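As given, the protein sequences belong to chains A and B, one line each in that order. Going by this note's numbering, the first sequence runs without a break in its numbering and finishes at 102. Going by this note's numbering, the second sequence runs without a break in its numbering and finishes at 500.
No lab work stands behind these hints: they were computed from the structure. Since the structure is predicted, the reported quantities are computational estimates derived from the model, not experimental observations. Treat the hints with caution; some may be incorrect.
[What the hints assert, rightly or not] Capping the alpha-carbon separation at 25 Å, the derived lysine to any residue pairs in SDA-like fashion look like this:
1) B:Lys469 <-> A:Gln56
2) B:Lys83 <-> B:Gly361
3) B:Lys101 <-> A:Lys17
4) B:Lys275 <-> B:Lys311
5) A:Lys17 <-> B:Ser436
6) A:Lys95 <-> B:Leu416
7) B:Lys469 <-> A:Ala90
8) A:Lys20 <-> B:Thr38
9) A:Lys52 <-> B:Leu464
10) B:Lys83 <-> B:Glu53
11) A:Lys79 <-> A:Arg65
12) B:Lys81 <-> A:Ala78
13) B:Lys469 <-> B:Ser436
14) A:Lys79 <-> B:Lys469
15) A:Lys20 <-> B:Arg103
16) A:Lys79 <-> B:Ala72
17) A:Lys17 <-> B:Glu426
18) B:Lys83 <-> A:Ala90
19) A:Lys79 <-> B:Val432
20) B:Lys469 <-> A:Ile60
21) A:Lys79 <-> B:Arg103
22) A:Lys79 <-> B:Leu416
23) A:Lys79 <-> B:Asp88
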Amino acid sequence: MSRALVFSSQVYSIKTIKKAAYRCSDVLSVDIIPRSDEIECILHFLSEPKEEEQVQRIVAAFRNEVLDQDLRSVIAKETEATRNAVLAFALSKTGLLGGE
Amino acid sequence: MVSKFQPLSAFQQPLINGYQLLPFRFTSLDDHDYVLTNQAGEFIILERTTLEALVRHQLPASDWLYDDLKSKHFIIDHDSSVAMDLLPLKVRTKLQRLAEFTGLHIFVVSLRCEHSCPYCQVSRQSNDKLAFDMSVGTAEKALALVFRSPSPGIKIEFQGGEPLLNFPLIRHVVERAEAWNLAERRNLQFVIATNLAVINEEILDFCRDHDILISTSLDGPSDLHNANRPRPGNDSYDRAIEGISRVRNALGRDRVSALMTTTKLSLGRVRDIVDEYVAQGFRGIFLRPMSPYGFAVKTKWFKAYDADEWLEFYFIGLDYILDLNRSGYAFTEFYAATILAKMLTPFEPGFVDLRSPAGIGIAAIVYNYDGDVYASDESRMLAEMGDKTFRIGNVHRDRYEDIILSDALLGPIEESFAASVPMCSDCAFEPFCGADPVFHHATQGDFVGRKSLSAFCKRNMSIFRRLIKLMRNDDDARRVFVRWANSRC
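The shape of chain A in the complex, shown without the other chains:
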């Protein structure tokens, strides 16, 4: 059993959708098909859902995960320099290198 979903490539990146697909890989496998201005996803259910409600729930979970991954990519991009600076400070002068 499978369902098709289409996301706008103006809004979502392939990487974002791949991450969402990976996170849902306990219940789904996903074909990701990029087109010019959209990304088609074919969701294959690993075990056949018994009711339509269950299908809707899994599809909704995938959609929400795509949204979450998109938000994560925004945070990662905005905070990359700060994240590296914090780690550099935190791991400096450990005494593990000569001359520190």
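Mind docking chain B on chain A? Use the hints.
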């Protein structure tokens, strides 16, 4: 080659709508709310709409959560950027144990055991003393490696099989380590992990004279304990209880601790198990699932229940323990306490199974009876099943540098580092969790494992969520949890 840092301006982001985001991760708590954690593991709970507004720079300074987000280092603004000074300090404090390096050194002094537990994860042997006991020569070589560790604290733990079946070697190692430590001046501790069935006055006297701690097994009430831990005479429980009493009388009340293992037989009986610990005067319990190693796999006891069944067992137990605390009896669930220490204090409690980088080799190391060195207790359990992936050297053949810098150790540590593996890298619970390359190798065949299928991930994520919900919704639970957290640091 000279490398230059980028100019300061590269690290100064513009303040959009008055604030700048600092690095954080988020994960859903339930259908409505999300948990956000900063780089140091401090957390806050937001609704999805607030999270979206925060990230899109649409959260007004007048929002009641704004100051919380600022004080917990999720944002900085014109008013204060002190977070940029505090965050690195907090991250460094969390990581300080890494610099200490290997503190726990496990000596498997014998693989022989007089019990025949079907869930035995170390694949004990019943006879052939020569083949399955550690020799003095091997112990001497292992001791030399122990003191190469730079750790200021050295804990030597004797394990088996039943280690007391090779008590002369324990005596030798303790005396030699103490002599060695006269010059080293480390904080040296000893622990014997024993079922207490063969303990005697000579052993107790030695333990008292050398300040040795005892760790034993207690799976619950008599019928459950004896069913889990058969031995000739079916008297494992009686011997354990008598042994606990003798140790307390000889060494002191706090010198003996107990561990339980959850079997299929335990599942409906967590209250009975906790009651047994209370009846025996323990002030806490570690509700442990079974591990996928040794006879536990061969006898299919490991597969007798799944992660969901264990979680149900665990949460009933946790609720029961909270009720005990509410009624005035201070009692701790140690796994929760370890996680809570990560959530609520600036410190990392250093529990080997919940560390990233993984604790294998660099937090704990195992010297097996035959001289082989393993990256962890679970690694040698796997080896007894024929898989020596985590054998990192041999005390007779390899130098300390060869062992610690071996690909067999550094490979899995590097590959499984949670902050850079799929799913963990963007999981809000990563600061509370750990990497377990041995478990994932044993269950999925690689060091990282696909976390959506991982029982380790499922168990821990469920526990993190439950603890956070309890703290949010139950003031009594929160007070108890703060006490547990601070007792584990």
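Results of checking the hints against the structure:
Simply put, Lys469 of chain B and Gln56 of chain A have alpha-carbon atoms about 21 Å apart, close enough for the 25 Å limit, and the pair holds. Between Lys83 of chain B and Gly361 of chain B, the direct Cα distance comes to roughly 23 Å. Compliance with the 25 Å bound is thereby established for this hinted pair. Taken as a hint, the Lys101 of chain B and Lys17 of chain A pair is broken in the structure, with Cα atoms around 31 Å apart against an allowance of 25 Å. Between Lys275 of chain B and Lys311 of chain B the CA atoms are separated by roughly 11 Å; this keeps the pair inside 25 Å, and the hint holds.
Only pairs whose Cα atoms come within 25 Å are accepted, and Lys17 of chain A paired with Ser436 of chain B is accepted, the gap being roughly 14 Å. Note on Lys95 of chain A and Leu416 of chain B: the hinted pairing holds, with a Cα-Cα distance of about 22 Å set against a maximum of 25 Å. For the given pair, Lys469 of chain B sits about 32 Å from Ala90 of chain A by alpha-carbon distance, which is inconsistent with the 25 Å threshold. With a C-alpha separation of about 17 Å, the suggested pairing of Lys20 of chain A with Thr38 of chain B holds against the 25 Å cut-off.
For the given pair, Lys52 of chain A sits about 21 Å from Leu464 of chain B by alpha-carbon distance, which is consistent with the 25 Å threshold. As the CA atoms of Lys83 of chain B and Glu53 of chain B are separated by approximately 7 Å, the hinted pair is consistent with the 25 Å bound. A distance of roughly 22 Å separates the Cα atoms of Lys79 of chain A and Arg65 of chain A; the hinted pair therefore holds under the 25 Å criterion. Taken as a hint, the Lys81 of chain B and Ala78 of chain A pair is honoured in the structure, with Cα atoms around 18 Å apart against an allowance of 25 Å.
Pair hint Lys469 of chain B plus Ser436 of chain B holds up; C-alpha atoms about 16 Å apart against a cutoff of 25 Å. Between Lys79 of chain A and Lys469 of chain B, the direct Cα distance comes to roughly 29 Å. Violation of the 25 Å bound is thereby established for this hinted pair. Straight-line distance between C-alpha atoms of Lys20 of chain A and Arg103 of chain B comes to about 33 Å, which puts the hinted pair past the 25 Å bound. Straight-line distance between C-alpha atoms of Lys79 of chain A and Ala72 of chain B comes to about 23 Å, which keeps the hinted pair within the 25 Å bound.
Proximity of Lys17 of chain A to Glu426 of chain B is assessed by CA-CA distance (about 21 Å); at most 25 Å being required, the pair is judged to hold. Between Lys83 of chain B and Ala90 of chain A, the direct Cα distance comes to roughly 20 Å. Compliance with the 25 Å bound is thereby established for this hinted pair. Between Lys79 of chain A and Val432 of chain B, the direct Cα distance comes to roughly 18 Å. Compliance with the 25 Å bound is thereby established for this hinted pair. The suggested pairing of Lys469 of chain B with Ile60 of chain A holds, with an alpha-carbon distance near 18 Å, which does not exceed 25 Å.
For a cut-off of 25 Å, the pair hint linking Lys79 of chain A to Arg103 of chain B stands: about 23 Å separates their Cα positions. About 35 Å separates the Cα atoms of Lys79 of chain A and Leu416 of chain B, which puts this hinted pair outside 25 Å; it is violated. Annotation: proposed proximity of Lys79 of chain A to Asp88 of chain B holds, straight-line Cα distance about 18 Å (limit 25 Å).
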